[in-house]
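Protein chains: 2
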Amino acid sequence: MECIEKRLDGEVKYSGVIVKVRLDHAELENGKVVRREVVEHPGGVGILPIDGEGNCYMVRQFRYPFSQQLLEIPAGKLEYGEEPLGCAVRELSEETGFEADELIDLGSCYTSPGFSSEVLHLYLARGLHAGRAHLDEDEFLNVEKHSLSELLDMVDRREIPDAKTVIALLKADRLLNRKA
Amino acid sequence: MECIEKRLDGEVKYSGVIVKVRLDHAELENGKVVRREVVEHPGGVGILPIDGEGNCYMVRQFRYPFSQQLLEIPAGKLEYGEEPLGCAVRELSEETGFEADELIDLGSCYTSPGFSSEVLHLYLARGLHAGRAHLDEDEFLNVEKHSLSELLDMVDRREIPDAKTVIALLKADRLLNRKA
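Protein chains in written order, with our numbering: chain S, 1 to 180; chain G, 1 to 180.
In case anyone wonders, no lab produced these hints; they're calculated from the structure. Only a predicted model underlies this, so the values are computations on that prediction, with no experimental measurement involved. Any given hint could be a false lead.
[To be verified] Once the Cα atoms are required to be at most 30 Å apart in a straight line, the calculated DSSO-like pairs of lysine-lysine come out as:
1) K32(S) with K6(S)
2) K32(S) with K13(G)
3) K145(G) with K13(S)
4) K77(G) with K32(G)
5) K32(S) with K77(S)
6) K20(G) with K6(G)
7) K20(S) with K145(G)
8) K20(S) with K32(G)
Make a model of the complete structure from these sequences and hints.
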């Protein structure tokens, strides 16, 4: 069954700092017209930096929607017109101070395809050279070093709820440990 | 470093069908007051149904924000006051027609903790009994049977972009195949 929803028109209902909300009319394959709500987001990157000893550099950061400190991979939003790879190099440097010899593409993910256009591009960073972190003003985060196996145990114990972080850790495990 | 952002006040800027957008003022630990945008979402569940032969029952569904058909685990939003487990039983039945002897908790994930309050509760469903799918009006989806190993290959080939689906598949693999 082919099923396509055809956009008829739309209206921006909210235009904020990070997101924009659009409310469209769309025609279903049965001819019925429905409303479709889309949260538009610029997308972003997430980078799992791992050194030669299997240590990963993670950030612990306050996340306002959950009033909670979360352990996540370094990440950030795409700036207007920015390529994901360049954004990954920039965010890795800004948040951890590292430069990497190699950024391995772990694929992209749609965080909430039912209502949001957000796409996150994930990378594994290897060949790390220490530099200097330079955070945005008003950005507070701590870099923490954990071994990949310790982080995978934390995933199993459900101590890491952030979706992009779980995906990057489990994909890195597959890539580095399971496919040799 | 403890770092907390204290909510001062907020305003609902958009109240839609699925999401609500709130714009708050929050006080940072350095005393500065910033604006924090939160997309409020009721949260939901995702269920990976797997039979005794290792076959998984997936849904292929048009996702409007990407104008694309995506292969995903059966999933749905929590209704007001609904418990995740009850929602999982309901969505599994509605989308695939299956009832399950066992729903194994795969943990919860925050899809976009930077700006959205959405939490998805993930389950592995085993002991499947065929019933009858009864979709919502205006819901069009196809159920497809794929083996878990085939789906993991699709994850490796980046053919499955949906975050919750990738997490459920990789966690099921860890649970069923890696920890024996």
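For this session: Take a quick look at whether K32(S) and K6(S) sit within 30 Å of each other, Cα to Cα.
Result: 11 Å, holds
Problem set entry | Pair hint outcome, K20(G) versus K6(G) [Cα-Cα no greater than 30 Å] | Since the Cα atoms of K20(G) and K6(G) sit roughly 21 Å apart, the hinted pair holds (cutoff 30 Å).
Problem set entry | Hint consistency between K32(S) and K13(G) [alpha-carbon to alpha-carbon, up to 30 Å] | Roughly 29 Å separates the two Cα atoms, so the pair holds.
Exercise. Under the criterion that the straight-line Cα-Cα distance not exceed 30 Å, is the pair K32(S), K77(S) satisfied?
Worked result: With a Cα-Cα distance of about 36 Å, the restraint between K32(S) and K77(S) is violated, given a limit of 30 Å.
Exercise. Is the Cα-Cα distance between K20(S) and K32(G) 30 Å or less?
Worked result: Distance ~25 Å between K20(S) and K32(G) Cα, so the pair holds.
Exercise. Given the hinted pair K20(S) and K145(G), is their alpha-carbon gap at most 30 Å?
Worked result: With Cα atoms ~37 Å apart, K20(S) and K145(G) exceed 30 Å; violated.
Exercise. Can the restraint linking K77(G) and K32(G) be considered satisfied, given a maximum Cα separation of 30 Å?
Worked result: With a Cα-Cα distance of about 36 Å, the restraint between K77(G) and K32(G) is violated, given a limit of 30 Å.
Problem set entry | Restraint check for K145(G) with K13(S), where alpha carbons must lie at most 30 Å apart | 39 Å, violated
In summary, the numbered hints that this structure violates are 3, 4, 5 and 7.
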